[in-house]
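From first to last, the protein sequence lines are chains A and B. Residue numbers 1 to 120, in the UniProt record's numbering, belong to the letters of the first sequence in order. Residue numbers 1 to 541, in the UniProt record's numbering, belong to the letters of the second sequence in order.
A couple of the hints might just be wrong.
If the Cβ cut is set under 7 Å, some of the chain A residues that face chain B in the computed set are [as the list claims (entries may be wrong)]:
{"no.": "1", "residue": "Leu38"}
{"no.": "2", "residue": "Pro43"}
{"no.": "3", "residue": "Lys44"}
{"no.": "4", "residue": "Asn62"}
{"no.": "5", "residue": "Ile66"}
{"no.": "6", "residue": "Arg70"}
{"no.": "7", "residue": "Asn86"}
Quick list of the computed label-pair ranges, beta carbon to beta carbon [as the list claims (entries may be wrong)]:
{"no.": "8", "chain 1": "B", "residue 1": "Leu507", "chain 2": "A", "residue 2": "Ala113", "range": "27 to 35 Å"}
{"no.": "9", "chain 1": "B", "residue 1": "Thr379", "chain 2": "A", "residue 2": "Pro106", "range": "26 to 34 Å"}
{"no.": "10", "chain 1": "A", "residue 1": "Pro98", "chain 2": "B", "residue 2": "Arg171", "range": "30 to 38 Å"}
The set of hints was computed from the structure by calculation and includes no laboratory data. Predicted, not measured: the structure shown is a model, and the values here were computed from it. Just so it is clear, CB atoms sit at the ideal spot from N, CA and C, and this is done for glycine as well.
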Amino acid sequence: MTRSMLIMLAAALPLPAMPALAQQGGAPAVATPVHQALGQVLPKRSPEQVYAKVCGYCHGRNVGPIILGRGLPAEAVHYIVRHGQNAMPAFRPTEITPAELDALSPWVSQSPARKEEHGQ
Amino acid sequence: MSLDLDRRGLLGAGLAGAASIGLGTGASAASPAPLAPGRSMADFAGAMKAFRGVVGAEWVFGDEEAVAPYDKAYIPDPAHRYKPVGAVCPQSLEEVQAIVRIANQYRQPLWTVSTGKNMGYGMTSPATPGQVVLDLKRMNRILEVDAELGTCLLEPGVTYQQLKDYLDENRIPLWIDVPTVGPIASPVGNTLDRGVGYTPYGEHFMFQCGMEVVLPSGEVMRTGMGSIKGSTAWQAFKWGYGPYLDGLFTQSNFGIVTKMGLWLMPRPPVYKPFMVRHGEMADVPRIIEAMRPLRVSNLVANCNLMMSASYQLAMFKRRNEIVPDGAPLDDASVKKAAKANGLGMWNTYFALYGTDETIAGVEPIIRASLSASGGEVLTAAEMGDNPWFHHHQTLMQGGLNLDEIGLLRWRGSGGGLAWFAPVAAARGVEAERQTALARQIVESHGFDYTAAYAIGWRDLHHIIALLFDKADAAEHARADACYKDLVVRFGAQGWASYRTGVNSMDLVARQYGEVNRRFNATLKHAIDPNGILSPGKSGII
């Protein structure tokens with residue numbers, strides 16, 4: 001997929017227009033906790049954990065478009081994470097590691113929609 | 001005048017494009033990334049090769065695609081001046097020292113970031129051309145948490161999310177105090193930028209205690225009690241002995257902070273959030289006058305936020321839901337939308353922390369004072385699951401969300417945001433004048449007054465979100481002009497920013513005067529003669 005195709009695909013993602021009722025504070029509680037030991041760097045996180053601790057604060061919570069259950073191409077997810085798209089910040093390999101992103105991209109692509117998510 | 005004019009004159013020079021010829025530069029034929037002033041391709045390539053020897057090739061980024069994540073910013077930058085040429089990502093103190101020695105050898109400037117998520121101030125964009133981003137995000141160890149003293153010692157790459165998760169998982173009853181983008185931002189980085197949060201520990205630098213700093217020479221210095229062998233008070237006693245040094249490393253480029261101590265607030269037995277709803281834009285001075293004595297006396301102990309309806313609506317709405325595209329954002333339309341969503345024209349959020357008895361003691365005093373200002377004093381009982389109340393209820397107890405990134409889609413979808421944050425004393429008349437001036441300026445450039453006041457202990461941080469569509473070239477250029485106009489015209493009234501983005505660091509530094517500027521430059525030249533650490537940060541070259 002070319003860069004321009006990816007951008008077009010991303011631009012076509014509709015943004016939510018209306019807030020739903022309040023969500024609960026903190027990350028969506030669907031992933032197992034990330035255990036970071038004192039004096040140790042953050043361990044590698046599963047796609048569910050990265051989604052809960054980063055993506056899921058905006059996507060599906062009225063800030064960014066819903067991205068689960070839409071069959072977004074994994075390549076597009078990968079590209080957008082690294083470049084940011086419109087209002088979305090870019091995430092560097094130091095924030096979401098290459099190994100984490102390699103697992104996250106297909107996971108986002110293949111994950112079903114979640115009822116509790118708001119927006120579109 | 002002893003400012004080194006040659007050094008300063010090089011700002012923005014050195015624009016000889018670096019051709020992308022396999023040297024791992026951030027350049028491309030279409031958009032060459034400039035090297036640092038006076039540096040050759042051989043210098044740059046030599047530094048990058050040596051950096052790879054320290055951290056491994058996988059943690060040095062030089063080609064355009066690899067540098068792209070470091071080049072995304074929300075601030076106005078129509079000429080794309082604030083572009084890094086590469087990035088290097090150490091994971092230890094020793095690697096930072098080695099990188100600094102290499103930078104000195106090749107005179108390669110390094111732009112240091114902790115997590116690089118100071119949204120609306122520039123993220124990882126450097127203030128001058130040719131810098132390699134020194135990305136400390138991989139240094140993300142939580143080194144100590146003392147549950148009894150309420151302290152912690154962190155590396156710069158730790159996020160608020162990591163710290164909160166650690167406290168929660170280990171059932172340590174201490175709170176964090178977050179800025180608005182807590183999950184992905186750094187307590188060390190935010191404190192170094194003297195950011196502000198929402199709990200009684202909201203003035204972040206006030207609750208900092210002890211630092212470890214890599215100096216431009218590569219030496220390591222510890223501040224406060226940290227240099228005393230065997231001291232147990234590094235995170236307990238701020239001042240140490242002699243000149244207080246920690247401040248020198250905030251909003252500056254005198255060193256690289258690799259560890260920082262912070263104080264954490266004990267979780268109170270009872271937490272009770274409030275919202276005070278005022279109906280008119282003109283209520284600004286009444287609110288400030290009512291709140292000031294409560295803040296100065298510390299009856300209201302948290303750093304509270306007085307949010308305009310337009311700012312609040314911009315978080316969760318789009319502008320064209322309030323007024324048609326192209327129409328001015330008039331007060332009547334905003335008031336109508338605010339009312340429909342349970343909001344007033346100003347919405348002031350504060351909280352009480354304590355026990356049932358202490359809260360029962362002070363709440364009537366506070367209610368009386370705020371009600372007399374014309375506000376409706378509301379709690380969770382009245383506000384229920386209102387999303388705006390919920391947002392602040394979360395923040396005022398150190399909870400995490402990214403709701404305010406929603407501001408970025410208020411106007412178009414291009415993602416443009418610049419914070420303008422002038423400071424004033426906490427007096428109603430000043431706020432009234434500031435609001436009038438800000439509205440006049442932003443509206444004259446075709447933008448909206450989407451703003452809040454953070455009411456500190458005795459000060460006001462007027463937080464104005466300049467929201468624009470970065471995908472619209474004409475609007476982007478207008479935002480750039482508008483921001484500069486805000487800085488200059490507020491400065492003329494004696495109101496300067498407490499913090500600013502890379503797009504305006506030099507401009508704001510000039511407002512603080514030549515004596516201050518020379519003093520900073522004198523320090524800089526003495527400790528960093530090669531000018532390798534974050535040149536241009538806070539206007540210091």
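Tested hints:
1. Leu38: Status holds, d = 6 Å.
2. Pro43: Interface hint status for Pro43/A: violated (11 Å vs cutoff 7 Å).
3. Lys44: 13 Å, violated
4. Asn62: At 6 Å from the nearest chain B Cβ, Asn62/A passes the 7 Å test, so the hint holds.
5. Ile66: Constraint on Ile66/A not satisfied, violated at 14 Å.
6. Arg70: Constraint on Arg70/A not satisfied, violated at 18 Å.
7. Asn86: Holds, about 5 Å.
8. Leu507/B - Ala113/A: 27 to 35 Å: Given about 47 Å between the Cβ atoms, the range is violated.
9. Thr379/B - Pro106/A: 26 to 34 Å: Since the Cβ atoms of Thr379/B and Pro106/A sit about 46 Å apart, the hinted range of 26 to 34 Å is violated.
10. Pro98/A - Arg171/B: 30 to 38 Å: 34 Å, holds
Of the numbered hints listed earlier, those contradicted by the structure are 2, 3, 5, 6, 8, 9.
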